[in-house]
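Using the sequences plus the hints, can you model the full thing?
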Amino acid sequence: RLADRIAAIAPVAAILTIDPGQPSRPVPVIHIHGTDDKWVPWEPFRHEAIKFLTIRSVDETVRTWVRLNGCPPGPNISQVPDRQKDGTTVERRAYGPGTEGSEVVLYVIKGGGHTWPGRPPLLELLGRSTQDVAANDLIWDFFRKYRLP
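Residue 124 in the numbering used here sits at position 109 of the sequence shown, with consecutive numbering throughout.
I should point out that these hints are in silico values taken from the structure, not numbers from a laboratory. Bear in mind that the values here come from a model prediction, so they are computed numbers and not experimental data. Any given hint could turn out to be false.
[Claimed, not checked] Pair ranges (Cβ atoms, derived):
#, residue 1, residue 2, range
1, Pro96, Arg134, 30 to 38 Å
2, Leu17, Gln146, 29 to 37 Å
3, Gly116, Lys53, 30 to 38 Å
4, Ile92, Pro135, 23 to 31 Å
Don't be surprised by glycine CBs; every beta carbon is placed ideally from N, CA and C.
Structure follows, in structure tokens:
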């Protein structure tokens, strides 16, 4: 509903839980998610306390944004160099260009937990945090490419 006020979005360790509807314009998305996230798992899950939400997988969430932005369904996949040897590796999946030059980019943090990439985890129980990329830098580089019409 805020597509006319938000140039792009950057979910980190988050998935769609409600139907986003049809935005009034394409909304470019950079999504960052760890495959070993125990708090917001990669695969869909059910929880007794939150039956009213439709919990989607990371893949389903990304496919939804790809469809809404009119991006090609097949991504351009590349590997980020594993320089830190921190138990994680990073894969970049880029979908686009879509409608009005929009794109959807997914950073898959293989072995990563519910953490902020580029920073140490706040608590050990959150899992590993990659040091091969920094979420702050990835998000800023992505956001500065987009302006509201």
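- Of the hints stated earlier, which fail here? The structure breaks only hint 1.
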